[in-house]
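Below, each chain spelled out in residue letters.
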Amino acid sequence: MSENGKTKTIKVDYLARVEGEGAMYLKIHDGKLEDVHLKIFEPPRFFEGLLRGRKFTEAPDITARICGICPVAYQMSAVHAMENAFGVTVDGPLRELRRFLYCGEWISSHTLHIYMLHAPDFMGYESAVHMAKDYPEEVERGLQLKKAGGEIMSFIGGREIHPVNVRVGGFYKVPSKQEMKEFRPKIEKARDHALETVKWASKLNFPDFEQDYTFVSLHHPDEYPMSNGRIVSNKGLDITAKEYDNHFEEIHVERSNALHCVMKENSQSYHVGPLARYALNFDQLPASVQNVAKEVGLGKVERNPFRSILVRSIEVLYACEEALRIIDNYQEPDVPFIEMEPKAATGYAATEAPRGFLYHRYEVDEKGDIVDADIIPPTSQNQKMIEDDLWKFVPQYLDQSDEKLQWHAEQAIRNYDPCISCATHFLKLDIKRS
Amino acid sequence: MRAKTLIIGIGNRFRGDDALGCILADRLQTLSSSSVEVITHSGEPASLIDLWQEKACVILVDAVSSRAKAGTIHHIDLQAQGLPDDFRSYSTHAFGIAEAVELARVLYKLPPKTIFYGVEGKSFGANEELSPEMTAALEDVTIRIKQEIKEAANA
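Protein chains in written order, with this note's numbering: chain A, 28 to 461; chain B, 4 to 158.
Take these hints with a grain of salt, some might be off.
[Said to hold, decoys possible] Derived DSS-like pairs: lysine-lysine, alpha-carbon spacing no greater than 27 Å straight-line:
#1 B:Lys125 to A:Lys160
#2 A:Lys327 to A:Lys262
#3 A:Lys174 to B:Lys58
Since the hints were derived computationally from the structure, they do not count as laboratory data.
Remember, predicted model here, so these are calculated numbers, not experimental data.
Assemble the whole structure, with the sequences as input and the hints as a guide.
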């Protein structure tokens with residue numbers, strides 16, 4: 028923090044309770060906010076380069092390494108893109124199992140953010156550890172719920188972090204009907220915890236801050252979106268993943284390793300994640316979940332980003348309900364995966380990571396070797412949106428102490444559960460020779 | 004019967020010296036028995052807390068980066084003290100081992116004996132081998148943990 032004349036600069040070099048490492052910079056001059064930016068300084072990710080020359084079958088295992096919090100999202104986008112390239116559709120029980128696995132990740136990742144990272148902001152604590160001293164039952168509930176999500180990932184994915192059972196075409200091994208049935212009680216208990224979480228989150232105090240966001244998410248007519256659907260917005264967008272590059276672009280920001288995504292039509296930011304999914308897919312939620320949402324005061328669209336913690340809790344409840352539905356309807360597939368022959372092609376896919384949709388594009392040659400890869404994570408897509416929120420949210424607190432101002436700004440950033448580790452995948456080469 | 008002693012090697016096999024915990028766990032697998040369990044783990048805190056429930060003795064082994072000399076072995080009795088702040092910065096995630104330990108302490112879930120061995124790493128680059136300093140420290144830590152296991156068995 029520094030003061031020079033009437034100019035005040037607030038620099039937060041390490042953003043706490045954000046996945047990965049980031050920094051925030053606010054410049055205030057004559058009582059007005061003059062500059063805002065997030066700075067990313069974790070070493071860039073080289074995964075797109077790493078993928079080139081590798082077999083198409085390796086993509087799910089390699090991309091799972093990009094993030095320890097949402098590896099399933101990377102795996103799902105990778106397998107769907109490869110299957111898109113080869114013209115293969117994975118349906119029936121294998122599709123259901125993928126959805127089941129994704130439920131595990133949503134439960135685990137969302138719960139981590141709700142209880143351990145975001146709730147302390149609303150409860151006035153420095154961290155979840157401090158909060159746990161006064162609210163041990165709540166934190167314990169968060170741990171139990173997160174554990175249930177992790178158990179789904181271990182059960183279907185082989186292990187919780189970086190699952191190893193996912194392959195292009197399906198899985199290496201699938202559970203029996205009996206094994207699925209025996210797993211059910213764990214999810215029943217998780218559903219109870221999820222319902223309590225929704226009620227608890229609804230009682231938090233939320234700042235009054237609504238924005239006219241351009242929400243973008245997948246949309247599927249028959250289900251709340253995870254791995255399938257078209258990319259839509261509340262402002263008229265309706266495209267396939269293949270058309271993504273025609274409508275969105277990444278801009279390299281000099282001060283940051285990350286890329287900022289904007290819509291090509293107006294160079295404006297857009298909002299991905301739970302608020303967007305919820306706003307664009309409320310009608311696809313089961314009636315039981317819709318009713319809970321209504322009971323806790325949520326409308327069909329929620330435009331206050333601070334209430335994303337509540338929408339996240341609704342999605343956790345949905346993921347538990349969906350996991351139970353999948354268990355009850357499960358029929359063991361005849362084969363654990365569909366074989367496919369590679370051919371020279373380009374495949375596209377977008378799936379819904381907990382933080383928002385995750386786009387993958389792969390070009391493969393006739394032997395199935397990856398020629399080119401493009402991975403656009405949700406945090407890249409939300410970064411400019413976060414800065415835009417800060418521009419609008421921070422000014423009302425400029426008369427407060429720097430400590431309080433920083434608190435409010437960090438809370439606003441955490442609304443997006445930014446996973447900055449995933450977002451920094453841009454390599455800028457600067458070679459000097461002497 | 005659940006083993007009463009749990010050795011947890013934490014790290015990433017593909018990130019140079021960060022692989023220490025995993026390699027050490029591989030080495031100690033031969034000591035696995037009905038009373039001793041040896042596992043590798045990514046460091047994800049919620050599952051860590053769950054793993055060490057009902058254990059009499061838990062030994063965590065991880066590479067750290069606290070600006071000490073490469074290969075330095077830090078031995079910390081976590082019942083007596085928390086992990087130093089310097090050990091937190093190497094984590095790529097906001098909620099890591101230090102938070103898991105403190106959360107477990109607050110929730111009365113920290114095992115009666117919880118020991119952390121942190122070995123100062125030198126390089127954490129992708130696909131790198133263990134540095135010579137880390138390789139040397141690995142021998143020392145292995146001997147010390149074997150001794151810890153013996154002591155736990157006699158406790």
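Now the hints, each set against the structure:
1. B:Lys125 to A:Lys160: 36 Å, violated
2. A:Lys327 to A:Lys262: Between Lys327 of chain A and Lys262 of chain A the Cα gap is close to 16 Å, so the pair holds against 27 Å.
3. A:Lys174 to B:Lys58: 18 Å, holds
Consistency with the previously given hints fails for number 1 only.
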